[in-house]
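For the sequence shown, our numbering assigns the number 549 to the initial residue and increments by one for each residue that follows.
Treat each hint with caution, since some may be false.
[Unchecked claim] Across the chosen pairs, the derived CB separations fall in these ranges:
(1) 549 x 674: 14 to 24 angstroms
(2) 569 x 663: 33 to 43 angstroms
(3) 641 x 553: 20 to 30 angstroms
(4) 687 x 616: 37 to 47 angstroms
(5) 686 x 583: 28 to 38 angstroms
If you're looking for bench data, these hints aren't it; they were derived computationally from the structure.
Positions of the beta carbon are idealized from the N, C-alpha and C atoms, including for glycine.
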Amino acid sequence: MNDAEGLAIAIEEAKAGASEGGVPIGAALVSADGKLLGRGHNRRVQMGSAIHHGETDALFNSGRLPGKAYKGSTMYTTLSPCDMCTGACLLYGISRVVIGENKTFLGGEAYLKQRGVEVVVLDSAECKALMDKFIAEKPE
Numbered sequence: 549m550n551d552a553e554g555l556a557i558a559i560e561e562a563k564a565g566a567s568e569g570g571v572p573i574g575a576a577l578v579s580a581d582g583k584l585l586g587r588g589h590n591r592r593v594q595m596g597s598a599i600h601h602g603e604t605d606a607l608f609n610s611g612r613l614p615g616k617a618y619k620g621s622t623m624y625t626t627l628s629p630c631d632m633c634t635g636a637c638l639l640y641g642i643s644r645v646v647i648g649e650n651k652t653f654l655g656g657e658a659y660l661k662q663r664g665v666e667v668v669v670l671d672s673a674e675c676k677a678l679m680d681k682f683i684a685e686k687p688e
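Based on the provided sequences and hints, a complete structural model is requested.
This is the structure:
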């Protein structure tokens, strides 16, 4: 799976979250050999949860995997990961994080890089438009 395909799955998830009235952030976890392990979206609004972010939802939906499953894996996310999701990527040994956009929010990218994770920012106009629309409609 290439980065465009991985991000497309994350964008589908972000749109699903938006259609549920939630924050439009999606994620997809892909193994080193290109297999989709899990996908998810931010459910903080829908579930009244402080911790149900896109990346953690993708990890949850991946199910219980052996530690070696994360070696060489890539987390695709529509928005730069927050500190919690950055920590989750580090905890599970995810090797790459591909980010749709980091203009509306800049998360823990520097820390990921410092810890040896490859970080790729795709500057997706579609990802930015999803967040811009959400921020305009729900500034609180």
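Please write out, lowest number first, the hints stated earlier that are contradicted by the structure.
none
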